[in-house]
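S.K.: Sequence:
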Amino acid sequence: MGVLLLMSTNKHHTEWQELTKLTQNQPFVVERVRLLEKDIAIEGAFELPQLARLSLEDQVFVTAFIRCHGSIKEMEQIFGVSYPTIKARLNRISQSLEFIETNPAPPATENTQAEVSRAEILGRLKRGEITASEAIQKIEALP
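In the numbering used here, the protein residues as written are 1334 to 1476.
Heads up, none of these hints are tricks.
Here are the computed distance ranges between Cβ atoms for each label pair:
#1 Pro1360 x His1402: 29 to 39 Å
#2 Lys1459 x Ile1399: 36 to 46 Å
#3 Gln1359 x Lys1459: 50 to 60 Å
#4 Ile1399 x Arg1367: 20 to 30 Å
#5 Thr1356 x Ser1450: 48 to 58 Å
Simulated from the structure, these hints should not be mistaken for laboratory data. On a predicted model such as this, the values are computed, not experimentally measured, just so you know. By construction, the Cβ of each residue, glycine as well, lies at the ideal position given by its N, Cα and C atoms.
Turn these sequences into a full structure, and let the hints guide you.
M.R.: Now the structure itself:
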């Protein structure tokens, strides 16, 4: 088994491409991480981040999309393809990524549930979906 050392940050992009070619987009686990400035090495089994597990072509596509600030029109020009093609590729890539909630909602308490329910009931009343007497009954039945 060959060893590929990823050492220099200025060569990072080229080395990452080489690593992607070597693995032929097959899953792999990193077993050793070396912090160059601290001269520390950590051994174990480390999974790659989701974006690093994308194919090289998809990584280039995502990078271009970010550099275009999400402009599909610019992406059409860069890649020479149509809007539906860009959207289809974005959809395919997004389906392969797991969304990580960065700001999860706090657990619902009885008070928050009651507030939401009151707001929903009042909204239904405003839209004419229920009568005033039905709204009163529903609010009185809340915990």
